[in-house]
Amino acid sequence: MRDPANRVSPRARGLWLLEALFGFVLLVGGSVLAGGWVGGSGWAWVPEWFAARPWLLPVTVAVLTTPFLVAEPFVRYAVHRWELSGDVVYARQGFLTREWVFVPVSRIQTVDKGQGWLERMLGLATLEIRTASHAGSSTIKGLDFRVAAELAEALARRAEQLRDDAT
Amino acid sequence: MTNPADQPPVPPSGGASGSPERADDGPPPVGGAGEGPHEGMPYGTTPPGPPEGAPPGPYGGVPPGPFPVPLRLSPKVLLIDPVRMLPSLLVPLVGVLVVGGFSSRSYLWAALGLVGTVVVAVIRWATFTYEIVGDRVEIKRSLISRSIRTIPLERVRGVDVSTPPMHRLLGLSVLKIDTGATGGDGEATLDGITVQEAERLRPLLLRRAGTAPASDAGPAVESAADAGPAERVIFAVPRRWLLYGPLSGAYLLTPFALVGGAIGLAFQWGDDLGFGQDAAWNVGQWLWARPSLLVAAVVLLVTAMPFAGGVMYAVFNWDFRLKRRDGYLVAERGLINRRSVSLESRRVRGYEIVDGLAERWVGVVRAWAIVTGLGDSETRGQLLPVVPRADATTVTGEAIGPYRSSLRPHPPVARNRRLFRAVFPWLIPAAAAGLLLLLTGSAVWSVLLVAALILAALGVPLGLDRYRSLGHGYDGERVAVRSGSLRRSMAVVERRAVVGWRLRQTWFQRRAGVFTLTVGAGAGKGGYSAIDVSAAQARDFPAEVTPEWLAPFLNAPPTGTPRPPTSG
Chain A
1 MRDPANRVSP RARGLWLLEA LFGFVLLVGG SVLAGGWVGG SGWAWVPEWF AARPWLLPVT
61 VAVLTTPFLV AEPFVRYAVH RWELSGDVVY ARQGFLTREW VFVPVSRIQT VDKGQGWLER
121 MLGLATLEIR TASHAGSSTI KGLDFRVAAE LAEALARRAE QLRDDAT
Chain B
1 MTNPADQPPV PPSGGASGSP ERADDGPPPV GGAGEGPHEG MPYGTTPPGP PEGAPPGPYG
61 GVPPGPFPVP LRLSPKVLLI DPVRMLPSLL VPLVGVLVVG GFSSRSYLWA ALGLVGTVVV
121 AVIRWATFTY EIVGDRVEIK RSLISRSIRT IPLERVRGVD VSTPPMHRLL GLSVLKIDTG
181 ATGGDGEATL DGITVQEAER LRPLLLRRAG TAPASDAGPA VESAADAGPA ERVIFAVPRR
241 WLLYGPLSGA YLLTPFALVG GAIGLAFQWG DDLGFGQDAA WNVGQWLWAR PSLLVAAVVL
301 LVTAMPFAGG VMYAVFNWDF RLKRRDGYLV AERGLINRRS VSLESRRVRG YEIVDGLAER
361 WVGVVRAWAI VTGLGDSETR GQLLPVVPRA DATTVTGEAI GPYRSSLRPH PPVARNRRLF
421 RAVFPWLIPA AAAGLLLLLT GSAVWSVLLV AALILAALGV PLGLDRYRSL GHGYDGERVA
481 VRSGSLRRSM AVVERRAVVG WRLRQTWFQR RAGVFTLTVG AGAGKGGYSA IDVSAAQARD
541 FPAEVTPEWL APFLNAPPTG TPRPPTSG
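For the record, the sequence lines run as chains A and B.
Its first residue numbered 1, the first sequence is counted upward by one per residue in this note's numbering.
Its first residue numbered 1, the second sequence is counted upward by one per residue in this note's numbering.
Please keep in mind that the hints were generated in silico from the structure rather than gathered at the bench.
Be careful, since some hints might not be right.
Restraint-style ranges between C-beta atoms, simulated for each label pair [said to hold, decoys possible]:
no., chain 1, residue 1, chain 2, residue 2, range
1, B, R510, A, V70, 17 to 23 Å
2, A, L96, B, L427, 20 to 26 Å
3, B, P291, A, L56, 47 to 53 Å
Stretch-level coverage of chain A by chain B, calculated; a stretch enters the list once three of its residues show a Cβ under 8 Å from a Cβ in chain B [said to hold, decoys possible]:
no., segment
4, 71-79
5, 103-110
6, 133-140
Heads up, the beta-carbon is just placed ideally off N, CA and C, and yes, glycines get one too.
Work out the full structure: start from the sequences and follow the hints.
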């Protein structure tokens with residue numbers, strides 16, 4: 001089985017980087033608080049060396065997660081692809097867990113085009129293609145806004161022509 | 001919505017499923033708005049209702065009756081409502097009586113409470129009406145806020161008639177109309193109509209959907225559709241098969257639930273009923289001081305499990321009958337609350353055959369129907385209670401359609417993964433307990449270590465059995481997927497219900513070179529997964545079932561810059 005033909009917008013890397021950065025900041029900030037709390041609590045099971053150096057926890061967390069932070073945008077950009085051929089949407093996505101979805105246009109019930117505020121800043125959009133089944137529904141993230149609009153329009157029009165109410 | 005020039009393509013198999021007249025009755029797929037699939041019912045397409053007094057056209061065979069007149073629930077329901085409200089009144093009443101010391105005033109309050117419930121019940125009854133107007137049902141409620149629910153008959157996906165004990169005493173029943181809409185408005189309930197009225201309404205409600213071309217209904221049923229409810233029993237479960245009930249594990253926890261409920265009640269209402277929580281605590285401590293008595297009680301409860309579970313099972317599944325009537329599958333069951341569920345054959349897309357460990361030893365299974373847009377499908381979709389496997393295969397084959405092929409095994413690496421997942425989670429606590437045992441030497445850790453090791457050892461047969469359960473297959477008409485061990489389940493879904501495919505690969509699966517292949521189905525659970533299929537199976541199986549969808553992606557990519565087609 002071949003890869004879907006189209007990549008998402010290159011700016012999607014920025015989106016994933018920003019999203020990962022937010023998660024990173026939350027995680028490291030949380031571990032700073034947790035480290036300070038546990039280190040200063042004086043509980044019996046806290047080792048001496050940790051109580052003296054509570055900053056070890058956030059540093060460990062940062063060291064462990066930074067490779068993922070750096071790799072995620074590029075891996076995702078390599079993995080996330082989509083294609084519309086023969087009235088079937090074929091999309092691939094994922095980072096550590098990958099997903100391939102085939103959705104025939106004839107079974108599409110709704111096509112939603114959405115933009116979060118980050119996506120709006122970067123001129124990106126997310127396309128949600130829904131069928132009667134969650135397993136047959138697909139979300140394509142990081143599309144260029146114009147491409148997403150055209151694709152949504154084309155899918156909606158074609159789905160109306162092909163509509164098949166077997167489900 | 002604009003009517004397209006193209007007719008929807010009828011799938012190559014699956015019969016007359018893509019009935020063209022239904023092609024445009026759903027909401028159009030739109031960009032932007034987050035519409036659910038069942039919103040936007042076509043109110044506009046229905047005529048404005050028959051003129052007053054005119055004979056109702058579409059229902060020729062049925063006596064005219066007072067159709068255009070809004071109907072009320074049976075007044076006998078007024079006897080039920082106050083009784084049903086009693087429990088919620090009882091506690092405050094007892095409280096009032098106890099605190100007020102049986103003075104005339106406390107009686108006044110109690111009487112007021114009772115009168116209040118009766119008045120509310122009467123008002124509710126008087127302001128609730130239902131009516132079949134033209135091709136839709138209207139249910140009006142104007143107790144506080146006025147609401148009118150309109151359900152087009154063509155949207156009725158099933159009718160569920162049940163008779164709880166009190167209703168049965170009064171000759172009443174509860175009728176639920178399932179419209180398949182999602183959310184709380186998915187169904188309408190007529191609580192307290194006479195049994196005759198329910199019998200009259202059922203064919204009327206189901207008629208519209210039932211007269212549409214039904215691919216599953218046999219010719220005999222088709223021709224009899226206009227003559228009235230033609231009914232044929234597909235299968236009646238013999239009474240002695242009720243003994244299989246406890247094997248399913250259903251209701252087995254009944255004794256514990258009863259005891260737990262009693263304890264909860266004692267704590268919650270103890271004060272109101274005259275004995276304090278202290279009394280309950282004292283009883284508990286008294287028991288705790290006598291461990292032999294406690295052990296005896298637990299042993300008693302455990303031995304009571306299969307009996308109590310069997311009794312509950314028998315009460316709910318008494319005289320189970322599966323019938324075919326007017327293009328509907330009707331499942332009837334129950335001793336005290338006789339329940340009858342109608343599933344529209346046209347919307348049945350397959351079935352699921354489930355068996356647990358104990359059931360597999362005896363060779364019995366349970367069966368559920370896979371239906372599009374069925375709410376509460378766990379209880380409503382039940383096709384068969386616990387019956388021998390051969391009978392289940394025959395009945396599902398006759399009622400819905402047989403699966404005529406075998407299941408293909410998954411690659412050996414799937415066995416390693418099943419074993420690892422069944423054993424490894426217990427090895428972690430075992431290792432931790434072992435480490436702590438070495439460090440502290442406490443006997444508690446050795447007990448935990450042994451327990452974890454026993455569970456890990458049990459994981460070996462469990463993992464092997466899970467691997468044996470894995471399988472998928474296609475017989476040219478239906479897709480079958482099987483997995484599970486403690487609860488093994490095989491789903492059989494018609495090809496026309498397949499709405500898409502999803503392949504999923506976790507990081508571990510990528511190392512092992514396997515995929516989880518999910519058949520997206522617009523019915524039942526929405527997706528049925530074949531776990532740990534090989535790369536070749538992941539590619540070939542969807543291509544075998546729906547070759548036209550996968551064909552563009554199996555070969556080399558198209559040349560030139562691919563753009564979404566913008567042609568109309």
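Right, here's what the structure says about each hint:
{"no.": "1", "hint": "B:R510 - A:V70: 17 to 23 Å", "result": "20 Å, holds"}
{"no.": "2", "hint": "A:L96 - B:L427: 20 to 26 Å", "result": "23 Å, holds"}
{"no.": "3", "hint": "B:P291 - A:L56: 47 to 53 Å", "result": "48 Å, holds"}
{"no.": "4", "hint": "71-79", "result": "violated (count 0)"}
{"no.": "5", "hint": "103-110", "result": "holds (count 7)"}
{"no.": "6", "hint": "133-140", "result": "holds (count 6)"}
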